[in-house]
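*Asks:* The lines below spell out each chain.
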Amino acid sequence: MKRYLSPAIAIGVGLLVLLGYFFDNGSLAAVRINFVQWAVLLSAGSILVGVLNLLLVHTNKVIAKGKDRFYSFLLLAALLLTLTFGFLYKPSDPVMVNIFNAVILPVETSLMAVMAITLIYAAIRLLRRRADLMTFIFLATAVFVMIGAAPWPFFQIPLVADLFRPKIINILSTSGARGILIGVGLGTLLTSLRVLMGIDRPYGGK
Amino acid sequence: MSLTSLVGITLVVLSVVLLIGLFLLKDRVKASFRSIPAFTNFTKSIGTAVEQGTRVHFSLGSADVSRERTAASFVGLSALRQIAELAAASDKPPVTTSGDAVLAVLSQDNLQTAYHAAGMDEHYQADTGRVTGLTPFSYAAGTLSMIADEDVSSSFLAGGFGAEIGLLTEAIERQDTFTLAAADSLPAQALVYASAKEPLIGEELFATGAYLETGRAHMVSLYVQDALRWIIVLVLLGGAAMKLLAGLV
Chain R
10 MKRYLSPAIA IGVGLLVLLG YFFDNGSLAA VRINFVQWAV LLSAGSILVG VLNLLLVHTN
70 KVIAKGKDRF YSFLLLAALL LTLTFGFLYK PSDPVMVNIF NAVILPVETS LMAVMAITLI
130 YAAIRLLRRR ADLMTFIFLA TAVFVMIGAA PWPFFQIPLV ADLFRPKIIN ILSTSGARGI
190 LIGVGLGTLL TSLRVLMGID RPYGGK
Chain P
2 MSLTSLVGIT LVVLSVVLLI GLFLLKDRVK ASFRSIPAFT NFTKSIGTAV EQGTRVHFSL
62 GSADVSRERT AASFVGLSAL RQIAELAAAS DKPPVTTSGD AVLAVLSQDN LQTAYHAAGM
122 DEHYQADTGR VTGLTPFSYA AGTLSMIADE DVSSSFLAGG FGAEIGLLTE AIERQDTFTL
182 AAADSLPAQA LVYASAKEPL IGEELFATGA YLETGRAHMV SLYVQDALRW IIVLVLLGGA
242 AMKLLAGLV
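From first to last, the protein sequence lines are chains R and P. The first sequence begins at 10 in this note's numbering and counts up by one. The second sequence begins at 2 in this note's numbering and counts up by one.
In isolation and in its complexed conformation, chain R is listed as follows (with noise of 0.2 Å):
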């Protein structure tokens, strides 16, 4: 019986929601935003399951006394003493406000610094591991923009920061963009269709 309930009521739903889309004025608008918001209770509902899974995954590490437990313990005791900062205060208040921007913002923020270190580290490995015309293509634009973007001390290279960069930029980059959009965009369309038509099912089940 689940096996063709499941892919009945996602079928239906996704319909009706696909429906309220295109014909926007109408009562199949109004089940649409009620289904989508639906989902947003739902998805909303399953961050707890989500936390909980983190929580039995570190749990199992911690009492497996696996190779880095220390840094699962860590995180067990950040999550629990958050958690019950956010039962006793609200989250705009100070204390919550604070964790966010003392400890999560910080972490985040490195991390994306860390990041522009592995990217130089990556292109240079680039070079070695597929050094084709594309490659260079690739990392010789990347350079140039680059160049381009610089904030120069005294002066700006002639030709490319005005006139080769915006280029590069505005057409070659943009034309580019569009086109593999273009290609995102079918493909979404084609994923979602095979969703509906009940032939891939992401909810599982046969």
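Do not take every clue at face value.
[To be verified] Taking lysine-lysine pairs in the BS3-like style, the calculated list, with each CA pair at most 27 Å apart, reads: (1) 93(P) to 74(R); (2) 93(P) to 45(P); (3) 176(R) to 244(P); (4) 31(P) to 45(P); (5) 93(P) to 76(R); (6) 198(P) to 93(P); (7) 45(P) to 198(P).
Bear in mind the hints are in silico, worked out from the structure with no lab data behind them.
Starting from the known structure of chain R, arrange chain P on it as the hints suggest.
*Replies:* This is chain P only, laid out in the frame that chain R set:
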């Protein structure tokens, strides 16, 4: 109905007609796609992982499933369902990491279905479908430790990623394991091109099902995708020609 809605509904109806039409033609439609070595190498790496008893890792991204980027995540889930069935016999079960709780629940569902299809229900472990963080960079940080600790020999990254994918591909490369990486956003694709062993660019992500031989419907779907692209190319060229003619007259 607005003009945009009309164009949209025409495109959807045309796609459905083409999908059903080509599907009904059965064996008269044969697969003849260009070779993408990334998929062949990925299939080989799965075989190696099963033989060596190492782990296959699926990274499904951190895009919220209830938003527009769902399709990319669904491609990852579809591949997971197919590959997990093949890799179920490995000593170490495949593991998935997600940056979205709904995606993690769906990955657990797909893993369970794959184990059931492989006749190995008892091998399924719910903690192999993991949430490693709920923001893009915390997701990347959580996944980095998983890659380093869990004897992963092959990684498949497909879904809604942002710049954080650069950290993942770089960490995987450092472990000298196989990586097939694809994303739906442009910055992530540029990063993947620079840092992954086998990058997929643009719509290649959506060809995954056809190349991994998930089913006839995926092959037909790829043909429809190609046909629609040609239609759009012709419309764009026609539009440009008409504009040029209008300027000359």
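*Asks:* Now, for every hint given, state plainly whether the structure supports it.
*Replies:* Tested hints:
With a C-alpha separation of about 18 Å, the suggested pairing of residue 93(P) with residue 74(R) holds against the 27 Å cut-off. Our distance criterion of 27 Å between C-alpha atoms is met by residue 93(P) and residue 45(P), whose separation comes to about 17 Å. With a C-alpha separation of about 22 Å, the suggested pair residue 176(R) and residue 244(P) falls inside the 27 Å cut-off, and the hint holds. The hinted pair formed by residue 31(P) and residue 45(P) meets the criterion: a straight-line CA distance of about 23 Å does not exceed 27 Å.
For the given pair, residue 93(P) sits about 17 Å from residue 76(R) by alpha-carbon distance, which is consistent with the 27 Å threshold. Among the hinted pairs, residue 198(P) with residue 93(P) is consistent with the structure: their alpha-carbon atoms are about 23 Å apart, no more than 27 Å. With a CA separation close to 14 Å, the supplied pair residue 45(P) and residue 198(P) stays within the 27 Å bound.
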